[in-house]
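Going down the list, the protein sequences come from chains A and B. Heads up: the first sequence is residues 1172 to 1507, going by our numbering. Heads up: the second sequence is residues 17 to 459, going by our numbering.
There could be a bad hint or two in this list.
Claimed, not checked - Derived EDC-like pairs: lysine to aspartate or glutamate, alpha-carbon spacing no greater than 16 Å straight-line: (1) A:Lys1410 with A:Asp1450; (2) B:Lys294 with B:Glu434; (3) B:Lys62 with A:Glu1243; (4) B:Lys65 with A:Asp1403; (5) B:Lys431 with B:Glu400; (6) B:Lys65 with A:Asp1421; (7) B:Lys279 with B:Glu97; (8) B:Lys65 with A:Asp1450; (9) B:Lys166 with B:Glu293; (10) B:Lys72 with B:Asp108; (11) B:Lys166 with B:Glu177; (12) B:Lys166 with A:Asp1368; (13) B:Lys294 with B:Asp259; (14) B:Lys338 with B:Glu434; (15) B:Lys294 with A:Glu1240; (16) B:Lys229 with B:Asp267; (17) B:Lys62 with A:Glu1240; (18) B:Lys431 with B:Glu405; (19) A:Lys1333 with A:Asp1298; (20) B:Lys72 with B:Asp42; (21) B:Lys62 with A:Glu1244; (22) B:Lys65 with A:Glu1244; (23) B:Lys166 with A:Glu1330; (24) A:Lys1410 with A:Asp1421.
What the hints assert, rightly or not - A few chain B residues that don't get close to chain A, going by computed Cβ distances all over 12 Å: (25) Gly209; (26) Ala270; (27) Leu406.
Honestly, the hints are just simulated from the structure, not real lab data. From the three backbone atoms N, C-alpha and C, an ideal C-beta is built for every residue, glycine too.
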Amino acid sequence: MARDWRDLFIVDGALPGGPDPISEAAPETQERRRGMFRRLRENLRKTRQALTSEIQATLFEDLSEETWERLEEALIYADVGAGTTARVVGELEREATAGSITGGEALTERLTELLADIARSDDDRIDLRPHPAVILVAGVNGTGKTTTIGKLAWHLRNELDKTVIVAAGDTFRAAGVEQLELWAQRAGVGFVKGPPDADPGAVAYDAVAAGLRDGADVVIVDTAGRLHTQDDLMAELAKVKRVIAKQIPDAPHETLLTVDATTGQNGLRQARLFSEVVDVSGLVLTKLDGTAKGGIVLAIAHELGIPVKLIGIGEQLEDLRPFDATDFARALVGAN
Amino acid sequence: MFDSLAEKLQATLSDVRGRGTLTEDDVNAAMREIRLALLEADVNFKVVKSFTSAVKERALGADVIGKLNPGQQVVKIVSDELTELMGGAAGDISFSSRPPTVVLMAGLQGSGKTTATAKLARYLREQHGSSVAVAACDVYRPAAVDQLIKVGHQAGATVYEQGTDQDPVKIAAWARDRAQTEGKDVLIIDTSGRLHVDQELMAELANIKKAVKPHDVLLVVDAMTGQDAVNVAEQFAEVVQFDGVVMTKLDGDARGGAALSVKAITGKPILFASTGEKLDQFERFHPDRMAQRILGMGDMMTLIEKAESAYDEERAAELERKLRKSEFGLDDFLEQMRQIRRLGPLQSLIGMIPGMGKELRGVKVDEREFDRIQAIILSMTPQERRHPELIKGSRRLRIAKGSGTNVQAVKQLIKQFEQMRKVMRSVAQGRMPDLGALMRQAR
């Protein structure tokens, strides 16, 4: 069962990590979940049709050198990367050879488990108890920061009844401010921007001040896309973070990095360098509705210990979901 | 990270030299390293497979004599094969004999179409003197039209737009008519990003193509794309039969294996490389350089070309004359420094030098050091700049104060300058000094 929004966020009154009684019982919640799943399935169906390399249970019927090679290829194909692939396949081969697991289904199941274990983290929730909780969103150009913020704001408002302010910190890209403003209107949340060519730090400062003044629950700060290799722009990002901490010392409480699912092995470099500068606390894996499987987040989770918290699965407001390690691993190996 | 393949191959094949030829075992061992390196560079695994078998054939029985060691030899074979696979000489868009030449841009969300549209507009204006219009057909992404209006104007192009309420197919057709009436040489049509599996939007793209009959359809591909690049390229090739590719975000540190995948799967050439946030950071694509980059062998050619375009020949001749006559002073030194800085940030220059990647990994070049040197030199009198040997106690103190540095820094600069002058003089006189020894000395 995929995670619900209420499982992702830690809010006042809920025990951290504990089950939320509302989402367990209420029939309308169950109903909504079904709607959600239909949407996810529809979006993922496109993906399946176009896939050319899937792991079938039949792959394991006859274990040979070729079996492991084909499994390796399937994982490589999902952008899992050579290192992580070698480890996972090596472990599975070892267990299979030792005879502790037999049969195609059991091996597929074990493979999913191994992958999910890498992706899973104890620290994959977003704490909304601070008032306001400040979320900083960063990432490489074109990975979907602004879109993610629009969707996240909408969910916080509609699923959790939070008051949200979004801050137009992308003052570099032509029309970056206008793009976020339109999303804020769609999501029905507060919006803070600076004068044209404003300093992104100043915009962030104003947004936090507005959040404190208006008693907002959440402030989400957008930033301009930047390549992790651009030292001056990375320094600017560090400054935005410092400015946020001026009014609320432990803010930002959450720093999300958007990673495009189509990204290959460079994603690891992105996560490493962004983390060095702004201490990334979670990933948003975007554009999972295509044929790309986003396997690079396994390498990121494994090497850097940064968990995925959210996934983007489409262009509509509702197309943002809490990350679920098991579902992700299943999608990765093409199991249903 | 960048030159690991050459090093690894060298280690793998270190005992081959004595034997003279590569055996099958040697080649297999080398192929494993090559396979890994290509996968790490995000080349699609199917492409890697067929590529390594082609290389293997050529490497088997290759003579290991001459100047190259076995590792280098295999790298050379790989590099040659890669370059060949990436295509011949750099291409360009094909112009129609009856203007306007219509260029249709397509690609996934976030690949950089709108920016590439403006950059291409600027490129065609600068390189071909074309009058260019761009059409805003991305009616889906919020504020995409505003973005194209802004960057289009910055690029000196006319922007055709009808807001976001019109059908993109109609906007495209309208823009084409208008470009014809207004006598534009080129019309570039920006479209919204779309997933290659989104049948509805792919059909829309096909309809735009049908409506405007473009002379060039360009697929915009992010250099950081992983294995999925082949799916994207295949689908777009099927629906709009694109003619060429624009690789974007090549200023990052991605190895860009997607370029190879796309070329190998579709056979379409990569025409342009987009290499920065500024509109002029856009150039023709060079397959040989990309091959080197995927293999992690630096980008010496780009560096050389950059140097050529930034260097003023007259000034160079003047400097040479001064060097021979030993008139080279701190003013000239400053001028040289400025010439080098004009090439771009030093950090990126260093990355282009083969072999330097490893040596200087993690070393950050402090650009402000140059500002300090400049401040020191500018705090000297013209006479002092010509004759640094004049600078002693009180002059040194004055210069230190004037430049906001300290006496130590002034001293060191002069010492380094004297050393450099000595080297340059001997070079100018045709003697090559032992640079290694000098470098050690300077430290």
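Worksheet entry | Ascending list of hint numbers which this structure does not respect | Violated hints: 2, 4, 6, 8, 10, 13, 15, 16, 23, 25 and 26; rest satisfied.
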